[in-house]
Each structure stands twice: as structure tokens, then as C-alpha cells.
Amino acid sequence: MTGITDPQSDALARSRAQWAAPQADDGSLLRDFLRQFTRSGLAVGALVVFTSIVLAAVFAPVLAPQNPYDLMQLDIMDGRLSPGSQGYTGTTFWLGTDDQGRDLLSGILYGLRISLLVGAGSALIAAVVGTAVGLVAAYAGGRTETLLMRLVDLQLSFPTILTALMILAVLGKGIFNVMLALIIVEWAIYARTARASAMSERRREYVEAAESLALPRWRIVFRHILPNCMPALIVIATIQIASAIAFEATLSFLGLGVPITEPSLGLLISNGYRYMLAGDYWTSFFPGVALLITIVSINLVGDHLRDVLNPRMER
Amino acid sequence: MITWLIRRLFQAALVLLSMTVLVFIGVNVIGNPVDIMISPEATQDVRQRAIEALGFDQPLWRQYLTFMGNALQGDIGNSYVYNQPAFDIILQRLPATLELALVALFLSVVIGIPLGLYAGLYPDNLLSKAIMAFSILGFSLPTFWVGLMMIMVFTVMLGWLPSIGRGETVEVLGMRWSFLTWDGIQHLILPALNLSLYKISMVMRLTRAGVRETISKDFVKFARAKGLSPRRIILVHVLKNIMIPVVTVIGLGFGGTIAFAVVTESVFAWPGMGKLIIDSINVLDRPMIVAYLMMIVIIFVTINLIVDLIYTTLDPRVRLETQE
Amino acid sequence: MFRTKLWSATALTVAAAVGGVQASASDLVFGRSTPQSVLDPHYTVQPTGVAIATDIYDRLVRFGLDLQLEPGLALSWKPLDEMTWEIKLRPEVVFHDGSTFDAADVAYSLERASSMPESPSPMSVNVAAVERVEVIDDLTLKIVTKEPTPLLMNQIGHVFITPSELGDATTADFNSGAAAIGTGPYKFVSWIPNENVEVEAFRDYWGPAPEWDRVRMQFITDPAARTAALLSGQVDVIDAVPPADVPMLKANADLTVFSAPSVRLLYMHLDLANDNSPWITDTEGNPLEVNPLKDPKVRKALSLMLNRQAIADRIMDGLAAPAGQVAAPGQGGFSDNMPPDPYDVDQARALLAEAGYPDGFGMTLHCATDRDVNTAESAQAIAQMWARGGIKINAVDCQPYSVYSSAATKGEFSAFIWGRNDSSPDTSLNLRNGYMTYDADRGFGSYNRGRYSNQEFDALVAAALQEFDQETRYQLLRDATDIMIGEHGVIPLYFLNATWATRGGITFDANMAVNSMIQYVHPADAM
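Protein chains in written order, with my numbering: chain A, 1 to 315; chain B, 1 to 324; chain C, 1 to 527.
Simulated from the structure, these hints should not be mistaken for laboratory data. No residue lacks a Cβ here, since even glycine has one placed at the ideal position from N, Cα and C. A portion of the hints provided could be inaccurate.
[As the list claims (entries may be wrong)] Covered stretches of chain C (chain B as the covering partner; in silico rule of three or more C-beta atoms under 8 Å from a C-beta of chain B):
| # | region |
| --- | --- |
| 1 | 66-77 |
| 2 | 166-178 |
| 3 | 215-225 |
[As the list claims (entries may be wrong)] As a list, the in silico DSS-like pairs of lysine-lysine whose alpha-carbon atoms are at most 27 Å apart:
| # | chain 1 | residue 1 | chain 2 | residue 2 |
| --- | --- | --- | --- | --- |
| 4 | C | LYS410 | C | LYS294 |
| 5 | C | LYS410 | A | LYS173 |
| 6 | C | LYS146 | C | LYS78 |
| 7 | A | LYS173 | C | LYS392 |
| 8 | B | LYS240 | B | LYS129 |
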């Protein structure tokens, strides 16, 4: 994010604050980064957990005792068995089964793939798109800004469900249409936050100085303004990943998301929710724990990344 | 300033207009309300008469022009479900949602900012870590799950708080409000807490991030060197500098809360607008959807206006001229 | 507009109930799943309009627990000839405002019900057969129909009777309570949209005295929240109990569960219209030239593959009954020859092979997510069973009803689950609208989305529709059902149970028509 510093603006900046990145070449920058990152045991632990989750998701077909998407392997007669019980074919369901007789362990492993792809994927794309729009708006000003910001207003006031229904009706179902719906819904949040931060940054002396030095605009925006907007954006992004996963679950629950025979983590939770009062806690508890661990590890890594990458943070 | 305001109002009108077009196209691609609502006993003849009476036999552009013609005379149309002017129904529901959203907003500020400050000032403290861990729970647990758990614990098991409806209300300015009676307040607590959990976490984390960043800046060091009291440094210098993203998110969140509180409203049987819009979308009650969205656009535009004004007071470097 | 003061009393009741103290026995709080959208009883036939109306207003007839007609505001009715009916009205009935009920009120109400065009679900379906209404004297009416209509009373019997003095009262007048005047056992007190309706006993009611002094209908759409409200004592009765919660509620000594098989049928529509059906493929996923669903053998095979009892037990927690036909037991036209198809995969495979599909074919199954309880779960279970029977399931696609119903009506699906409840005394209207050959002009088969078509069946139903003799009509309907079900025009799945739960010994008349009337709720000491 910080990149290689520009000598001229660097000089300007140093006169004002220590905003710039450490002056170093690429190799040592990476080393520096790694050293900074590994300083926190918690963050390293979280990274390990997160990596294993991703690996578990990727290798789900190898790891899972059952293919939860294959209807031939499911039987409603095995439905809602408690953890550790045996199905009538003799398989043991370590985390129990859901109402369709789906092994929850397998369901969770497979569901992670969809949740990570849809949740994290759409949150990241929305972050990139939204931030870009916000920065362009703040920096360009004038009509461009007006147009973009009113577009943001329009998007923010439009109910998600209506957006998702329209996409379903026009494009049909599919995992990428779900991602599209999530991106369309979420980009506006980033755009507004990025613009807000950028608006205050662009009036700072160092930007004005950089402008007076006739540095190219994109360079000012991406090298000088963007890094200063990052802390707020990273906080929102890490939270939005969680909410995108939850959101996908809601859409799927309503029949607007992934197919019900191929449940994501969120859909497993929503499906299990109805059996909560009845006491079949495991149907939503275990998928919930899996989701929680995923989100916590993403957040710990994200928090620490932000601290390490933040140009202004005291080291 | 005045020109700026006028310009913003003009833009808001354009947003409203494009929104109505979107709704018309959107509802049209999704389906036909008559198919959804009509009785299975209805004959083809009855069905056809209903379609004609509601204008669905007309091409879409003509339906839209008819709507615009009436709208310019102040008539958005009657809801298909309620058979009352759609705007009236929304105005009936507005206080319930407004009240819920305001209380949730209040909670998120009074809980979120102090905790975030604390966690930012003492990042290595055990309590701070606990706060941060709590905030992760706050936004990763699904709202419906938390809502149901709250009901099970506080209503079913402990019997402390009611979980259904608004309770006793008092009429002020022709609208019903719960927060003026003790019974109403009791009814408010659980849904407001449920709704604010996500926001508390968000505000907390943004505040912490902001504090961590600002605390190392020159002006803070300078203030310290000048011997200003830590309280003054935090309350005046630090807080003021971290408020921009916080205000943005609160502003956004407030609009979102009003608009999309549907989960909380369903779980607590709270008669607000979130549930109303989902029900209306489910049966494609177009006048209702249009009226509702017009209301939301107006609310959003107003909030954004206020937020932009707050920016200028928080940070003099942001000037309204950049709004051109 | 809102009557806030009235509420302080009930608010205290809630607080007291939450505190664990039982409310006064003559007050009732009913947690209901369907909110009220209008108080105008003539605006819509949707439950959102009718639900509370059944306790405030009366109708010409009452619908008994067995679905048969009983005298209501009409004491007796008889056809004078094929097109003319004479109706004798009940004397000495008064409205809530003290005025006396007479024939002019009936004429007024029937007229008002037919003139609500701007409703997507108009009450006018119930008076469509009426040509004109003549008032003979205060308590006698003559009704002339457009064509022979043996079931006239079953149709106009759904129209709520309001006083003719209301004149051109609008929906807004009803909603404000000013015009909400009926002859029913409960008087309107207040309505807070989407929150509650309150009514109180009408002491001058002509029928059995109302058992509750004051009743609040609290609208709780979320199923889990409804259960929780009952558990915490904030409400005394709930309807539409989620099946999964029933065992837990039954285990609670304070609570009682009342359940009965209802007339709500879930069935599978099959695309019988298209030669290449949109969601049918070969086993490799390529489009198929012919539509296998047009072969009755294939349809029968699909039905035999289903273990209906397993779905009822496992997915619906026992709160469903396997269905073999579209009529519920006890309804006129129910055929004894048509029990639910047995679960017989071997025979199904043999039939598939006979029809030329020894290796099966590919299919996508559609359903709605937000209509009936657990439909999406049943759809998956059906998909499992079909997969075991040799059908390649390409997908199970469940959608929100708003998208689903429009697409289904346009014939865009191949196999799709639909729900219908027909609570009329016999099946003639159900068969006409659901299964007769689609004919937009004559209004037949308007809900025949699978486009089943059989001349012989059509003729039998058409004859039944005009047959005044009840036994002959029932026989015609039974014969028609034997033909349609015999060749599996649709695949009946199961009838849902209607379930209520109460606390403190309150009892409820579980009924097949899925009616949550206050009149069905009885205080504990009444037993």
C-alpha cells in the first residue's frame, strides 16, 4: 500500500508528519513487513487458523465423509440425528445431521467454500469498486462527484431484497448472480466512506503541495490520499465480509441465493434455526461456530494487517 | 450555502425520479401482482377485470405516465393490499420505526464510542481485548439468532421484559410513541438492543481504529508537550479527528436501520416499516413500494445532507464548495 | 385515528402476564400469524382481509367444522327453479349499532362485494354467479343467477353482511371503525395496523353468547416469535404452530396443542402442455426431444417413488397426512377408490422402463419458499426419493412466491409444487378451476397450470356444476376424480395439519378449514 516513496513529496511530507512509508527497497520492505507481522503471536495464530479453514474448504471433497450435494447419499430417515449418532446405513455423524439427513461436518466443509467465495469475494470486489468510486468522486469534484454520490444515495435507499429479486427475475439463479447482487448492494457503503475520508485528506497541505508540484492526479489519489483512507476502509471491509456471508444466507433462505440442495454455511444456520426451540441445537450451532471462527480469524488478521500497513501508526 | 442547498434539493428530485422508473421496471420484470394475490376460486373473467381495473393490461410506459400524472397531483395511489393511500400507511408506520432506529442509534453511540476509545487508548489491556472480542460477536452473530436468544432469556426464562409489540403508547403530534410510557420503554429495550448490536460493534471498531491512528500524530504529541490534560487531548483533539468515518457510518447506518430493520421487526412483532416493505415486495404491491422508496430516498437525502454539514463543523478543511 | 387510551388496560395485562400472573379469564390475547390489512370485509378474499371479519360480521351461512353449510343469517334457502333461489332470513337480528337486520342489508352487501374492482383479489368472485337480487319482504330474498348454480349458497355465503345504511362507505370508513358494524358476536374496538385488533363481546348477539369479554388479536408473523410469546405467557393462544416446535410444546404441562388435518393440499404439478418441457433433460443434461411427463406411466412411476409417510413423519414432524386425491376426507366428491399411492420403487422402475426410460431422465424441481411451512424441505426430500428411483435431479430450485407464481402461471416449469385449500362442501369448484381443460373464455381451468386435459373428465365436472341433486353431484365428482387421479393429472403429496396451541387450559376447536376464529376458542372453565 505504501509503495516506494516519491522523493519530492516525501520531503514535503517529512516536514509535516511521518506519514510516509519506511524508505526501503522492495526486498527489505517485504522482510520488514513479515517481521512486523510475526511480532504478534495472536495474528500469526489467526493466520494459521484462517489458512487451514481455506485449505479445508478447498479440499472439502477429499476431507468430507459424505458428498452433501449428492441427493443419493442423503436420506431423510437420517434427518436431525444428534451428534455422534449412527445412521441406519452405519455411518457415524460426528456433528449430527440436518433435516435432510445431511452430515453436518460434510455440510460445513462444503458450505465454507460457498461462504468464503461469495462472502469474501463479493466484499473484496465491492470494496475495490466502491473505494475507487469514492476517491474519484472526492478528487474530481464537480458534476462527476454529484452524479456518483447521487447514484450512491439511490443505491443505499433501494431495498436489498428488491435488488436481489430483480436480478433473480432477469438473470436467473447462480452463485455469480448472488455475488453480483451483494456487490451491487455493498459498493455504495465503501464509496461513501472513502469519499468522506478523502474529502478531508485532499485539503491537507501535503496534497495541496503535491498538486502545486504538478504531480499526476492518479498518483496523488492512489499514493497519498488512498493510504490515509485505509484504516476506516479496512475496518468496514472486515466487518462487511461477515455481513456479506450473513446476507448471502438470508438471500438463500428466501430462495434468492444458492440452491437449497447445495447449502452455504449461512444457509445451514438459517435452516437449523427453526429447530432451535425444539432443542435440536446442533443443526445451527456447529455451522454457527464454524462461521464464527472464520470471521474471527479474518478480523484478527485484518486488524493486525491494518496496524502493520498503516503509515502513521507508531511502531 | 443557499445555492448549495437548492442544488442538493434539485438533485434529490432527480434521484426520486430515477427511483420511480427503476421500481416500475423492477416490479414489471418480477411478476404480476394479480397472479400472486387472486383467489383460486376466481374465474378468468374476474381475473381479467382485476387486471384491467389496476391497469396491468396497459403497456408499462403508459402505466408509468398515468402514475406520474397522478403523482404530480399528490396522489401516489392506493395500496393493493390495504386499499388506502400508500403514503398514509407509511406515515402510520414511520413513528414505530423511527423510534426504534433512534434508540438503537443512541445506544450505538453511548456504548460504542466510549468502549472504542478505551480499546484504542489501552490496546494491550485485557479489557480492551475482551471488548474487541465482543464486537466480533456483535457483527458475526445473525440478528434473528440473537433476537430469539434474547427473547428466550429475558422474556421466557427470566420474565423481565415483554417481546411482542409496542406496548402502551402516547399520542404526540398525531403519532403514537412508545418511549413516553414505562410500559412502552420496556417493550422498546429488547428490539432496540437487538437492532443496535451490529452498529455498536461497528462504531466501536471505527473509534478504536481512529484513536490508534490519531494518537501518534504530531498535533497530539504537540498538545501533550504543551502540557494539556489527557482528558482534554482525548475529548477535543482525538475525538474530533476520528469522527468523520464514525459519523458517515452512523448516518448510513441510521438510514439502513430505518429501511431494513425487517428481521428485528419480525422477531419482536414490531409494527414498523421494514416489515411493511418486505410484505409489500412479496406481493408486488407497487404503489406501496413506490411510496415507501420515495420516503426512504427523502430520509437518506436528508441524512446525507446533515452528515455533510457535520463534516464541515468537524473538519474545517472540508468545504461545501467541493459539493458542486 | 388510533384509540390509544383503550390500550392502557391491555398493556397492563401483558405486563402482568410477563410477570407470571394469569390475566382475567374473560380476556383473551390471541397471537395470530396473519396480520389484518383492511377492516373492509368486501375488499378481498385474502386471509389478511377476512380473518377478523368472521368474528365481527356474519354471513348468510355458517361453515361448520365438517365444512358443510349451516344456517347463519339465512334460516333456509331453496331453488325455485334452476336459475332462481328463495332465501328466508333470520328474524330479530341486530347490528352492533342497534339497527335491525333485514333483506335490504343482504342486497346491499352483495352489491357492494361485486363493486370492488380495484382489488387484485376481489370479493366479487363470490357474487359472480348472481344476475340480480330481489327483496321480497323484510326477511325474504329472491336471487336470480346467470346460469344454473347449485352451489350458490356456498359462494354468496362467503360475503359478509353489513348494514345498508352505510351507503357508499369507503374502505377508509371501515378502517377507522366508523363503518365496521356487523351482527357478529364481537364488536370492533380498535385496530393498530400490523400490531393488533381489539374486539369486545356483543351482548345482543343472536347466537351463543360470546365467551370472552375482550379479545386482542396480536399479529406475530415470525413463527419462532409466536412460540416464544406463548411460552412467556404474553399470549393465550397461537395459530400456525411450527411443526418442529410441537413436541416441545406438548411436553409443557401448561400448554395444550390442538391439531387437525386441514384442507390445505400440497401437490405436484407436471408440465403436460409442452412437447419439450423446459426443465426436462436426458441423463446427460441435454434437452430431450419428447416430454416424458405426458406419459401417464411416467407420472405414475414418479408418484410411486414417493414415500409420503416418511415426508409427513420426518419433514413435517407428523403434522401432515399423505394424500391420494385433491379432496379431503369428508368433502363431497371424495373417492374411496383413490388411497394415496403406495411407496413402491420396484414397480416405479418397471413402469419407467415400460415407458421407454429404463435409465430415467433429468429433471429440475421447482417450489416456493415462502408459502407453506417446510415446502422447500419437502421438495428436497422428494428430490432424494426421485433420485433413488432413477431420475437424475438436475436441481431443486425454490424461489420467493412473487417470482415463482408468475413464472408458474406462464408455464415456465416442468415439475412444481403447488398448494391449494378448498374448503367448500364439495370439490366441484376445485375440479373446475384446477383441472378442467384450460379455457380462458369460459373461465375453466384457470388454475390448471400443468394443463391437464381430458374430455371425459371435463364433461363429468361440467355436469356436476349444474346438478342440483347432491348425491348425483357427488357421484359425478367421484367419477371425475377417479379419471383424473387414475392417470395422475397431478401428483397429490400431503394435506397439511392445522395446528393451534393454548395455555392455561384454554381449548380450541381444531378445524380443517384452518380458521382461527375467536368463536373456536373456549375458556378453561367452559369444559
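Structure-based check of each hint:
1. 66-77: As far as the region 66-77 of chain C goes, the hint is violated, because 0 residues have Cβ atoms under 8 Å from chain B.
2. 166-178: Since three or more residues must qualify, the claim that chain B covers the region 166-178 of chain C holds, with 3 doing so at under 8 Å.
3. 215-225: Coverage by chain B holds for the region 215-225 of chain C (7 residues, Cβ < 8 Å).
4. LYS410(C) to LYS294(C): holds (18 Å)
5. LYS410(C) to LYS173(A): holds (18 Å)
6. LYS146(C) to LYS78(C): holds (17 Å)
7. LYS173(A) to LYS392(C): holds (20 Å)
8. LYS240(B) to LYS129(B): holds (24 Å)
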